[in-house]
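Asker: Chain by chain, the residues run as shown.
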Amino acid sequence: MTIGMTSLRYVRGFIDEVVTHGPGLKSLVINIDKLPVTVPGQFIMLWVPGYEEIPLSPSYHANGVIRLTIRERGPTTRKIHSMDVGEPVFLRGPYGTGFDLSRRARYLLVGGGYGAAPIIFAGHVLHKKGFESMYIEGVKSREYGLYTEEAGKLGMESMLVTEDGSSGYKGLVTEYVEKNIDGYDIVLGCGPEPMLNRLIEICLEHGVECQVSMERYIKCGVGICGSCILEGTGLLVCRDGPVFNARDLLEAGYEVGVDD
Amino acid sequence: MTRLSTKISSLTLVNPLVLASGILGNDGLLLARAAKAGFGAVTTKSMTLEPREGYDTPIIAFVESGLLNAVGLSNPGYRALPDILKEAREGGAPVIVSIAASTPGEFHIIASYAEEHGADAVELNLSCPHVKGHGLQIGQDPGYTYEIVKTVSSSVDIPVFIKVGITDSLMETVSRSLDAGADAIVAINTLKAMAIDVYAKKPILSNKYGGLSGPAIHPVATRVVYEIYREYSPPIIGVGGVMTWIDAVEFILAGASAVGIGTAVAFKGLSTAGEILQGIEKYLDSEGFSSIEDIIGYVHRR
Ligand SMILES: Cc1cc2nc3c(=O)[nH]c(=O)nc-3n(C[C@H](O)[C@H](O)[C@H](O)COP(=O)(O)OP(=O)(O)OC[C@H]3O[C@@H](n4cnc5c(N)ncnc54)[C@H](O)[C@@H]3O)c2cc1C
Ligand SMILES: Cc1cc2nc3c(=O)[nH]c(=O)nc-3n(C[C@H](O)[C@H](O)[C@H](O)COP(=O)(O)O)c2cc1C
Ligand code: FES
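First to last, the sequence lines map onto chains A and B. Counting the first sequence from 1 gives a position; my numbering is that position plus 219. Counting the second sequence from 1 gives a position; my numbering is that position plus 237.
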């Protein structure tokens, strides 16, 4: 894979809308013409001058508008959460692998927390293609919910899974997946690593293909600094991923079931 | 020796391509992967006495024909070498351990430890342009360089390479290094540089300064390889902006016995090694040479 020259320089965009979803969760809708279009699952690097630049997987991108859904975590995301309509941000990318949405198949889309971002984006693309899919989102409690309504509006079957039962199905998102996986051909997952590990196991048990988006500390984003190595596999999250086919991960020596 | 193989002092490489220091070199499995992708030797990230986090992001900035980096010598510290070396050696290619330190004593400790744990050579980084107390700040002092190289070369049996950068005293540093027992010269490191985003109206790198690499520095590196070969003809690993087989052959004609590759990995991935090797073979065929050895320093012949 060669990285196109257009993906290397920063492109300036302006915040067009700030959406507050719930505690510590916001989306920025950004007008940005010159950024090459992102495939769901690929990531961009977002830089707010004076702060660090961080990797984010867009939750939507088309026609010069990109949406980033961001959980407040440390100094950089705190700064981003304090920004307003009209302020500039700097993006480079997109980088890495996206979900393979090319096959006419039945897709089960599974997002956990802010991991729902690239998952709902995949939902938009699959919807446009007219492929069948179901959207499942797992959160602690209903106020953290992000995109089940949006999926519903697209006409997709959708389900919010809450750990405390405050809305939708009560339990862990992976429990819901296990009960409803029959009839699907491909599972797409993004979220906390224990959730992804469990998804991989469930897919193996049911003979269903599984693509997961992994997270590591991304610094360069282009495969030279070595910061984003998946320990024990020799794979780079920024270049070989972030989206991996579970089979390739396991072949490279990735161990499911060893939680952080 | 096959037609693509080359020698650097006592090391024999199956081909002349070396993964340059700092590119994926913090992890043994990645180094092994580079070796399997076709690199004839691989170099670790420069290792320091203590672990280093490195600088905040942005740590890279792309510019016309190259990139700037200010990784900040982030590395797990030299005590991680046994694990890195064990995994890296599975790749089957010689492993060069790069060292960044501030005093002869520190260089000595890390070099001996690297040798003990299976390094095939050590490379003394006297040329990192963006970390205080390291690299260029040492490399521009030929007297101090002599002392460091002497200390290391008299304490290890494996070959000692010296990595140089652009300073006014470059040729003197090379000459004093060779006097002190250096087995090969690696030239060049990145050039100290800055990039400003005109819309952000700020330097892009958090460290403000970074090292420029890539096509932009290739002609400078070619000049340096040419001059070192003309003056001293030591084994040289030419590094700087090699993107295609043409750039690699250029270095070899100028006097390099091997060719380091860094930035091309960011632009093209590890598979770039295979493509460059194919190109070199075709060139040897089309120009009627039987091996790499036949063209090392060819431009100096009359
Ligand atoms: C491919 C990818 C896609 C991502 N997509 C999203 C997204 O859509 N929405 C979202 O909210 N978050 C996403 N993240 C995570 C996000 O990048 C981090 O939460 C963010 O960098 C934290 O920065 P901070 O300065 O606020 O926090 P810090 O205080 O700097 O760090 C808090 C924690 O965040 C992690 N972190 C910090 N910097 C990075 C970095 N450069 N790369 C990865 N992790 C880091 C570390 O684990 C750290 O302990 C993604 C991460 C990756 C690797
Ligand atoms: C991201 C990055 C990190 C680097 N880290 C080191 C290092 O730790 N030690 C060193 O001697 N050189 C380091 N270098 C310099 C390279 O080894 C090489 O000399 C330089 O990049 C020129 O080659 P290139 O144009 O092929 O990249 C680094 C270069 C890059 C791009
Ligand atoms: S973030 Fe630098 S190699 Fe992946």
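No wet-lab data here; the hints were simulated from the structure. A few of these clues could be false.
Residues of chain B clear of chain A, computed beta-carbon distances all greater than 10 angstroms [what the hints assert, rightly or not]: (1) Leu241; (2) Val251; (3) Lys323; (4) Thr340; (5) Lys429; (6) Met431; (7) Gly511; (8) Ser528.
In silico BS3-like cross-links for lysine-lysine, where the CA-CA straight-line distance does not exceed 30 angstroms [as the list claims (entries may be wrong)]: (9) A/Lys298 / B/Lys439; (10) B/Lys519 / B/Lys505; (11) A/Lys298 / B/Lys438; (12) B/Lys323 / B/Lys505; (13) B/Lys519 / A/Lys253.
Here are the simulated distance ranges between beta carbons [claimed, not checked]: (14) B/Arg316 / A/Lys253: 37 to 47 angstroms; (15) A/Asp467 / B/Val435: 37 to 47 angstroms; (16) B/Arg316 / A/Phe350: 46 to 56 angstroms; (17) B/Lys445 / A/Glu412: 48 to 58 angstroms.
C-beta atoms are modelled at their ideal positions from N, C-alpha and C, and glycine is treated no differently.
Asker: Next, verify each hint and record whether it holds.
Answerer: Going down the list of hints, with the structure as the test:
1. The non-interface label for leucine 241 of chain B is consistent with chain A: the shortest C-beta to C-beta separation is roughly 24 angstroms, beyond 10 angstroms.
2. Against the 10 angstroms criterion, valine 251 of chain B stays outside the reach of chain A, whose nearest CB is about 20 angstroms from its own CB.
3. At the 10 angstroms boundary, the C-beta of lysine 323 of chain B stays outside the reach of chain A, the nearest C-beta of that chain being 13 angstroms off.
4. The Cβ of threonine 340 of chain B sits about 27 angstroms from the closest Cβ of chain A, beyond the 10 angstroms cut-off, so the non-interface label holds.
5. Residue placement check: lysine 429 of chain B keeps its beta carbon more than 10 angstroms from all beta carbons of chain A (closest about 19 angstroms).
6. At roughly 15 angstroms, the least C-beta separation between methionine 431 of chain B and chain A is larger than 10 angstroms, which holds for a residue marked as non-interface.
7. Every C-beta of chain A lies more than 10 angstroms from that of glycine 511 of chain B, the closest at about 14 angstroms, which supports listing it as non-interface.
8. The beta carbon of serine 528 of chain B sits about 30 angstroms from the closest Cβ of chain A, which is more than 10 angstroms, so the claim that it is off the interface holds.
9. Distance hint between lysine 298 of chain A and lysine 439 of chain B is fulfilled; the C-alpha atoms sit about 17 angstroms from each other, no more than 30 angstroms.
10. Straight-line distance between C-alpha atoms of lysine 519 of chain B and lysine 505 of chain B comes to about 20 angstroms, which keeps the hinted pair within the 30 angstroms bound.
11. A threshold of 30 angstroms between alpha carbons decides the hint, and for lysine 298 of chain A with lysine 438 of chain B the separation of about 18 angstroms falls inside it, so the pair holds.
12. In summary, the hint linking lysine 323 of chain B to lysine 505 of chain B is supported, as the alpha carbons are separated by about 27 angstroms, within the 30 angstroms threshold.
13. Straight-line distance between C-alpha atoms of lysine 519 of chain B and lysine 253 of chain A comes to about 40 angstroms, which puts the hinted pair past the 30 angstroms bound.
14. About 46 angstroms separates the C-beta atoms of arginine 316 of chain B and lysine 253 of chain A, a value consistent with the hinted range of 37 to 47 angstroms.
15. Hint check: aspartate 467 of chain A to valine 435 of chain B, Cβ distance near 41 angstroms, so the stated range 37 to 47 angstroms holds.
16. Taking the beta carbon of each, arginine 316 of chain B and phenylalanine 350 of chain A are about 52 angstroms apart, inside 46 to 56 angstroms as hinted.
17. Between lysine 445 of chain B and glutamate 412 of chain A, the C-beta spacing of about 35 angstroms breaks the proposed range 48 to 58 angstroms.
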